[in-house]
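Peer 1: Chain residues, written in single-letter form:
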Amino acid sequence: MRTVAVINRKGGSGKTTTAVNLAAALGERGKRVLVIDLDPQASASDWLGNRRSGRQLFDALVGTRELTGLVVPTSVSGVDLVPSSPWLATAERTLLGDLSVAIARAIERLERRWAFVIVDCPPTLSYLAVGALAGVQEALIPVEAHAIALSGVAPVLSQIVRLRSDLNPRLNWVTIVPCRVSRTRHARTVVEGLEQEFGELVTRTRIRESVRVAEAWEARQPVIGFAPESSASADYRMLALELSEGPNSMHDDRVSASWWRDLVPLAAANR
Amino acid sequence: MDADSRLARAAEAFVHDIERQEPDSGGSPAAVSVDGGERAQTHDRGERSPAPRPPGRVHSLGVADSPPILTALEWAATVHSESARLARYHRPLAIVIVCLDWQEHDGSGGPSEDALRLLRPVGQTLRRQARASDRVARLGRDSFAIMLMETADLGAAVYAARVRDACRPWLAAAPVEVDLRLGWAVAGGGAMIDTAVLAALAGARRDSAA
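Quick note, the sequences are listed as chains A and B, same order. According to our numbering, the first sequence is numbered sequentially starting from 33. According to our numbering, the second sequence is numbered sequentially starting from 1180.
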């Protein structure tokens, strides 16, 4: 079971879009996927048609319910969901570091029913996101193809490196996905800059800018269900293929160890 | 302390450190709660030291000068006022002492003019790595004292590590050979600030091999 936290400190970078559409694309490939919505804004839950107003996830994290008991099926083939709860904001204010531990342990204790567990994190490195990163094995950073977004990647990476050292040595992989890539020269320059700076961390797949994604959100469907012939659908399918069967799917210890040795100086240089 | 408690404290130190790096990031949900309430400083369980901020304003775009580096006299006054606060509210507070250990001296036995030029960037680095509510003071010719509010041992150790890393390029570029010596101690839980300062000084002296 692969556990992936979708994270970026910049709001609007495409975390929820990536989490939901990647999950749908993996489900289409026959993988069983669980999406855990840790963002109190509950965008992923909304998108997958399961926004909840109660305390369910909050109760699971404070120990009065099991996380597995909160899993609900969605209308998307192969995709289950743990919906968010507005009480997560309360949990952050009251539980602090204990919340991070509870999230990490809840992820670790999940039954191995799913091939992928994708955690949609809030747009900040606070206790919710730290808890997710403390419990998963991989981090995925969607980056909008814009110069402002590019400048925010190195700090996030640096913080993930440090978090791995302080909190979660099992965090073995980081993937950077260029999103909203338009046909402009600027977007091409940004993507080239990402590849130059972060090398093999960057996926070969580019998620192209497409209005179908926004339309799919309005329809409360993943884009591959709403507009299966669109470029966005093709891109998310390619991303699912790359993540499930490409070079980034190799996670043996030898690859991970050497990769982290190369990553740490890279993150330090970009701090 | 069991593994979960250690992990929780490490997570708090990590988040605390992120907020320390970006004290005015009002756009972050760590600072602005989802329900639109007032700034939620998740670490701030006690009274913060007063810092001039306009009420009800999100500071994500604000640009403000850092608080100044205190003189020895101002430091003494700060210790006096914070001691009273500590005795009343029992909130943790850490003292970090930073000393520059000169390896070369001029004829008078003190550091040369070139060496003393290092003090300004080191002081600015100490100030920059601290939060707005923390106090940085220059004590004597080549020592600094930092008072970290609402900070326990782990937070002080993190600050010390960051400062050492951040000062390294300055020390490497200095025209003279100089080492940075750091010590820290936590006041609170019965230990007064003066005691913590002495303990931090002792720690800095022991740090000469760093």
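For the record, the hints were derived by calculation from the structure and aren't laboratory data. Any given hint could turn out to be false.
Stated by the list, open to error - Below, a sample of chain A positions facing chain B; criterion: calculated Cβ distance under 7 Å:
hint, residue
1, Met-33
2, Leu-102
3, Asp-130
4, Tyr-159
5, Leu-199
6, Pro-201
7, Asn-204
Here a beta-carbon is modelled for each residue, glycine too, at the ideal position from N, C-alpha and C.
Peer 1: It remains to establish, for every hint, whether it holds in the given structure.
Peer 2: Results of checking the hints against the structure:
1. Interface hint status for A:Met-33: violated, as the beta-carbon distance to the closest one in chain B is roughly 21 Å, over 7 Å.
2. Checking A:Leu-102 against chain B: minimum C-beta separation of about 20 Å lies over 7 Å; hint violated.
3. Satisfaction of the interface hint for A:Asp-130 is found here, the shortest Cβ-Cβ separation to chain B being roughly 5 Å, below the 7 Å cut-off.
4. Of the supplied interface hints, the one on A:Tyr-159 holds, with its beta-carbon coming within about 6 Å of a beta-carbon of chain B, less than 7 Å.
5. With its C-beta approaching chain B no nearer than about 6 Å, A:Leu-199 sits inside the 7 Å limit, and its interface hint holds.
6. Restraint check, A:Pro-201 versus chain B: the minimum CB separation of about 12 Å is more than 7 Å; hint violated.
7. Because the smallest distance between the Cβ of A:Asn-204 and any Cβ of chain B comes to about 18 Å, over 7 Å, the interface hint for this residue is violated.
When held up to the earlier numbered hints, the structure conflicts with 1, 2, 6 and 7 and fits the remainder.
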